[in-house]
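**Q** Sequence:
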Amino acid sequence: MSEKIARVLLVEDDEDDYILTSDYLHQLTSYKFKVDWVTTPTEALEHLKHNVHDICLLDYQLGAYNGLTVLEKASEQGSLIPIIMLTGQSDEQLDQLALSAGAVDYIVKSDISTSRFDRAIRYALARKEIENERFERVKAETRNRSKDRFLAHLSHELRTPLTSILGYTEVLLSSEKGALAKTELNVILNNGQHLLGLLNNVLDLSKIAVGKLDFNITKVKLNSLVAEIFSLMHVHADNKGLQLKVESTEALPEWVFVDATKLRQILINLVYNAVKFTDKGIISINVSTDFVNGKEMLSFDVTDTGQGIPADMLDNIFKPFEQVEDIVSRKEEGAGLGLAICSELVKRMGGDVCVESKLNSGSRFSFYVDPGDLKKQQRSMLDLNQQLDSKDSNGLASLTGRALVVDDIEDIRTLIGHFCLSFGLQVEYAENGLEAIERQKLAHMENQPFDVILMDIHMPKLDGRKAIVELRNLGFSNPIFAITAATMKGVKEELKNIGFSDVIDKPIDRNILYAKLATQLNTPAKINSKAESPNQLRRILLVEDDNDAAEVTKLLMESLGVEVKIAASAQQCIEILKEDSHWHKILLDFHLPDQNGLLLSRDIKEEFPDMEIILISGAEMDQTALDKSGISRSIMKPVNLAILKSLV
7 MSEKIARVLL VEDDEDDYIL TSDYLHQLTS YKFKVDWVTT PTEALEHLKH
57 NVHDICLLDY QLGAYNGLTV LEKASEQGSL IPIIMLTGQS DEQLDQLALS
107 AGAVDYIVKS DISTSRFDRA IRYALARKEI ENERFERVKA ETRNRSKDRF
157 LAHLSHELRT PLTSILGYTE VLLSSEKGAL AKTELNVILN NGQHLLGLLN
207 NVLDLSKIAV GKLDFNITKV KLNSLVAEIF SLMHVHADNK GLQLKVESTE
257 ALPEWVFVDA TKLRQILINL VYNAVKFTDK GIISINVSTD FVNGKEMLSF
307 DVTDTGQGIP ADMLDNIFKP FEQVEDIVSR KEEGAGLGLA ICSELVKRMG
357 GDVCVESKLN SGSRFSFYVD PGDLKKQQRS MLDLNQQLDS KDSNGLASLT
407 GRALVVDDIE DIRTLIGHFC LSFGLQVEYA ENGLEAIERQ KLAHMENQPF
457 DVILMDIHMP KLDGRKAIVE LRNLGFSNPI FAITAATMKG VKEELKNIGF
507 SDVIDKPIDR NILYAKLATQ LNTPAKINSK AESPNQLRRI LLVEDDNDAA
557 EVTKLLMESL GVEVKIAASA QQCIEILKED SHWHKILLDF HLPDQNGLLL
607 SRDIKEEFPD MEIILISGAE MDQTALDKSG ISRSIMKPVN LAILKSLV
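Okay, so the sequence shown: first residue is 7 according to our numbering, each after it adds one.
Any given hint might turn out to be false.
[To be verified] Across the chosen pairs, the derived CB separations fall in these ranges:
1) S575 / I223: 18 to 24 Å
2) D586 / N245: 48 to 54 Å
3) N245 / L186: 36 to 42 Å
4) I223 / G300: 29 to 35 Å
5) V144 / Q83: 17 to 23 Å
Think of the hints as simulated: they come from the structure by calculation, not from any bench. In this text, all values refer to a predicted model and were calculated from it rather than measured experimentally. From the three backbone atoms N, C-alpha and C, an ideal C-beta is built for every residue, glycine too.
Model the full assembly from the supplied sequences, consistent with the hints where possible.
**A** Here it is in structure tokens:
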């Protein structure tokens, strides 16, 4: 182990005392001491202000001056060096004066040859080390805060114009005006989305570097996640004349505990690359479980029949900004961030990733992640017939209410307003927080308060954070949405903590905006159906233990004008029914933590024989079993808007 070196500033005007003190320092074995000797207060202060020494030994009596003056001036000029006062005689009052002036210890010169001197030196140096560590930690925290501010600013500055570009392109594509320029508009939309993807990659990598990337581990239906990936990516494969296959030779756990968004991001990136570098043949996704160091892991292999990767690139392929060259066109596309991000995400999900490839013989990317405890999970074969149907945003029900859109950028303000108008809302506008407060006061006086406010965070005069405090203090209790490009860890939680009902990310996604508005607005959306009377509000009790599945299903049904209450278990379902039995239907999951759906249905039918019960299941159910349990019908997961429309 290397020897510790300590720089000592010895302030002593007596040469004999200097030699004696220096000799004893060199006899100490805890450090190797490098001693700088000065004899006057002026020299001492000049050295102390540079903070290059680890410790200072300061004689109390320096000719016509005393060490207390040096201590006070050293403190005034910002010296951080621990100072030990040396004196020729013991004096308790002087001891206290020295400590009050900033000395870390006080030693009589006759004690220099004793263990007390050794302890004082070691204590002072330990204090210096702690101070250095604290200083470096503060510097690191300051750098990280600066990075956070920069990333938040970069995200805001880039997402704001992208909001206008992507939003208005979609508006034109859905209008008669855009019909003649559909090809050109699609080019703009595709390139804008590509630019957004690059931005997200840069921000993801930066957030990973500073430990600011959120991971949300939830219970995820594995079959649904894989089917969703297939449904999304087979279109890209079809466009190039490629076949995309999903394979598994074993029964897989029905549920896994992962961050579904991050796992989806990894798979989409790998499959997208496979499509990109394959001109003919097959791309396959193989799903399995494997044991790694005694732990059962969830494994994926993405294999293609494409160009392959040169051997000299394999070692660097997961490093940032290392691009895979298209050996046919001799072009390097993208920023080379996707695989680097995949690698980091996999590692942070408890796994690892690797690649096998030969030039002109295709590639295989393999990775595994920690899926949680799978010992008690039921297992079944993959079934891609459980694909997610695409949502028809044009078939959504109209919303009712008055919305106030607050943003200092006119393009963004107009775009959000256009979306809200298309949902059926009445819209007013404000350019900043002060104007928003005045408009709400006026609306309240006219007895026409806003049902919802959508407010940007970064605005002049009064920003969103300050404006919401004023609005809540004025008694405005209706939903207020934060519109922000900030994606750093903790930002959304912070905004909700200060009073925002929810957060909408820039660029604005029309479907997400609609879904969040439909969920938060107090007045339920009206059903776009002439057969349904506006006064006949449907009430459905949804019994589902998976929070994500329950929230999505609730969101979709509320967009159809249905009042929904969620029960997370059989017991909670029974308790709700005892208090309120006026439900139009019960939508019941088959797999519940405390009882399966068939048995629960029988219990419900004993108390409420006229209640209509519909079973949700991941597999086809035997009609005889359904009839015995009093279930009118069953539906297969995943549930989509079209299925729910048929129910209500």
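**Q** So the hint says 36 to 42 Å: do the beta-carbon atoms of N245 and L186 match that?
**A** violated, 24 Å
**Q** Between V144 and Q83, is the Cβ distance one that fits in 17 to 23 Å?
**A** holds, 20 Å
**Q** Look at the Cβ atoms of S575 and I223 and judge whether their distance stays inside 18 to 24 Å.
**A** holds, 21 Å
**Q** Range hint 29 to 35 Å: satisfied by the CB atoms of I223 and G300?
**A** violated, 21 Å
**Q** D586 and N245, beta-carbon distance inside 48 to 54 Å?
**A** 51 Å Cβ-Cβ, so the 48 to 54 Å window holds.
Hint check: violations occur at hints 3 and 4; the rest are consistent with the structure.
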